[in-house]
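Spelled out, the chains give:
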Amino acid sequence: MLLDRLAELVPELNQAFLETMYMVSISLAVAIMGGLPLGILLFVTDRGLFLENPVVKSAAGFVVNMVRSVPFIILLVALLPFTRWLTGTTIGPTAASVSLSIAAIPFFARIVESSLREIDRGVIEAAISVGASPWMIIKDVLLPDARPGIIHGITITTISLVGYSAMAGIVGGGGIGDLAIRFGYYRYDNTIMITTVVILICLVQLIQFLGDRIARLTDKR
Amino acid sequence: MIEIQNLVKIYESGKQKVKGVQDVSLTINDGEIFGIVGYSGAGKSTLLRCINMLEWPTSGNVKIDGVDLTSLSRQELRRARQKIGMIFQHFHLVRSKTVFDNVAFALKAAGKSKQEIRNKVDDLLEMVGLQDKRDAYPSQLSGGQKQRVGIARALANDPNVLLCDEATSALDPGTTRQILLLLKKINQELGITIVLITHEMGVVKEICDRIAVMQDGKIIECGEVYELFARPEEPLTRSFIDSVLQLELPEHLVKNRRGTLVRLQYRGEAASDTVISDMLQSFRVKGNIIHGKIEYIQNKPLGILVLELIGDESEVKRAIDFMHERTGGLEVIEHAA
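In order, the protein sequence lines correspond to chains L and Z.
All residue numbers for the first sequence refer to my numbering, where the first residue is 1005 and numbers rise by one.
All residue numbers for the second sequence refer to my numbering, where the first residue is 410 and numbers rise by one.
If we strip away everything but chain L, and leave its shape as in the complex, we get (with noise of 0.2 Å):
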């Protein structure tokens, strides 16, 4: 019996499945493309760094702020004429992969920011005073040595998008989460609550383990 309407769901979930994963791999690549030069903005313009910059500092500042205070679902509601714009759509994964980038932008930036405060000044000192530019501390000792945290940031970040993506439903994105609220929550269906809910609980074991192995394997410290 409850084999059967598992069975039945089969389709149901490995479209579900697809649809997380491509709102999670879009605004995850989007997230680092943008979150990561923004969070070294945030950590380079700070005061006593080498490209200290009061007025830069405190606008990005504001504006991670500012989107990182708005509760997701209403974000998600209030950038559809942007979403439109941009994708042509208000509805499907693609349309809500775009919130979902949005907020996790400074959601990620804010990691790499901390991440990066855990070097050693001292390091960037010495690299200033061998005459590197701007560019070249960023690239030869900020990056390299703080990498291990950026790794592990990639993956708490993925991991709340898992998260958030549930709520896509809003706009029609699907997803697991979707389909949990959808049938299990909705309409009282427990079979496929608790199997959707295990789905992502092995998603998220998963991605956590990976994302510590990488880690591992990249800290040469």
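The set of hints was computed from the structure by calculation and includes no laboratory data.
Some hints here could point you the wrong way.
[To be verified] Straight-line alpha carbon distances no greater than 20 Å define the calculated EDC-like cross-link-like pairs of lysine to aspartate or glutamate that follow:
hint, chain 1, residue 1, chain 2, residue 2
1, Z, K506, L, D1008
2, L, K1224, Z, D510
3, Z, K594, Z, D687
4, L, K1224, Z, D541
5, Z, K593, Z, E633
6, Z, K726, Z, D687
7, Z, K492, Z, E598
8, Z, K517, L, E1129
[As the list claims (entries may be wrong)] Sample of chain Z residues facing chain L (criterion: CB under 10 Å; computed from the structure):
hint, residue
9, Q484
10, Q498
11, L516
12, R562
13, A565
All residues carry an ideal CB built from backbone N, CA and C; glycine is no exception.
Following the hints, put chain Z in place on chain L, whose structure we already have.
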């Protein structure tokens, strides 16, 4: 030549203004090993960091070979820094890079080609004795080895000046000696001017030619190491020097003395033995050597003797005056009871 002119560095933290360096002027000659000594908070580290503009002076100038660093653009300053090496107390190596890459970084900063970098790094590692650690990571090295990597990185672009910020303070005595010998070798073989700050007089005694003593952001005394050791003028200088030259007398000797204890300091050329035998012949005093040693500073001997003088009070006084005149460095430790 490094010329520091009227350098002032004021830190502003909130509304408070803290004076790091107050109006310091100093000239450091080419090929010299120059020490800056002082307790922590004296401003010596700030002064050193102003020489390569890690700290921007509030006012005053720093000229190296006639070029005023305070007038340079960012890019010109980067190029100037390539000719001023610096090493640190805690080494400051990039932890995620190998020894090779840590040293190569300095050469990359100067825009050298891959081939040039490879040859130069190998030469540098050979000079500091770390050829076999080429592919090791900093966490696999001892403190002394890390400082050698720091030295190789600092010397990568053939600088004229090497700044040492408490470079041996985190190392054990044996390793400190090895690093000092390496610095001395670098100074002699490559002719690099070395400016070092330290609170250890042992370091100064070992390698410096001249020193400046700093207190409250000012230089209170400056001169040849031997001269300063032989005749310090300021009490602070004296207390630093005492840490190296003072002879510890066992307590019972001081307590059970029969006469006056005097500490006699004489320069190598002052032929102390005749001073003492002349004194003993000319006055009705008995002399007894209690303690003594000879320190070699810049390869010149500086002798210290502790004598017990027994005799008539007035005779002892005349004897002390006589030795004072002959040696110029005599101190009465304890008078006769």
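Okay, the hints, checked on the actual structure:
1. Z:K506 <-> L:D1008: Answer violated: K506 (chain Z) to D1008 (chain L) is near 56 Å, above 20 Å.
2. L:K1224 <-> Z:D510: holds, 13 Å
3. Z:K594 <-> Z:D687: Outside the cut-off at roughly 43 Å; violated.
4. L:K1224 <-> Z:D541: Holds: K1224 (chain L) and D541 (chain Z) sit about 19 Å apart, inside 20 Å.
5. Z:K593 <-> Z:E633: holds, 17 Å
6. Z:K726 <-> Z:D687: Holds, at about 15 Å.
7. Z:K492 <-> Z:E598: holds, 17 Å
8. Z:K517 <-> L:E1129: holds, 16 Å
9. Q484: Hint on Q484 (chain Z): holds, closest Cβ of chain L at ~8 Å, below 10 Å.
10. Q498: Since chain L brings a Cβ to about 9 Å from Q498 (chain Z), closer than 10 Å, the hint holds.
11. L516: Holds. Min distance 9 Å.
12. R562: holds, 7 Å
13. A565: Since the shortest Cβ distance to chain L is 7 Å, the answer is holds.
When the structure is compared with the earlier hints, violations turn up for hints 1 and 3 and for no others.
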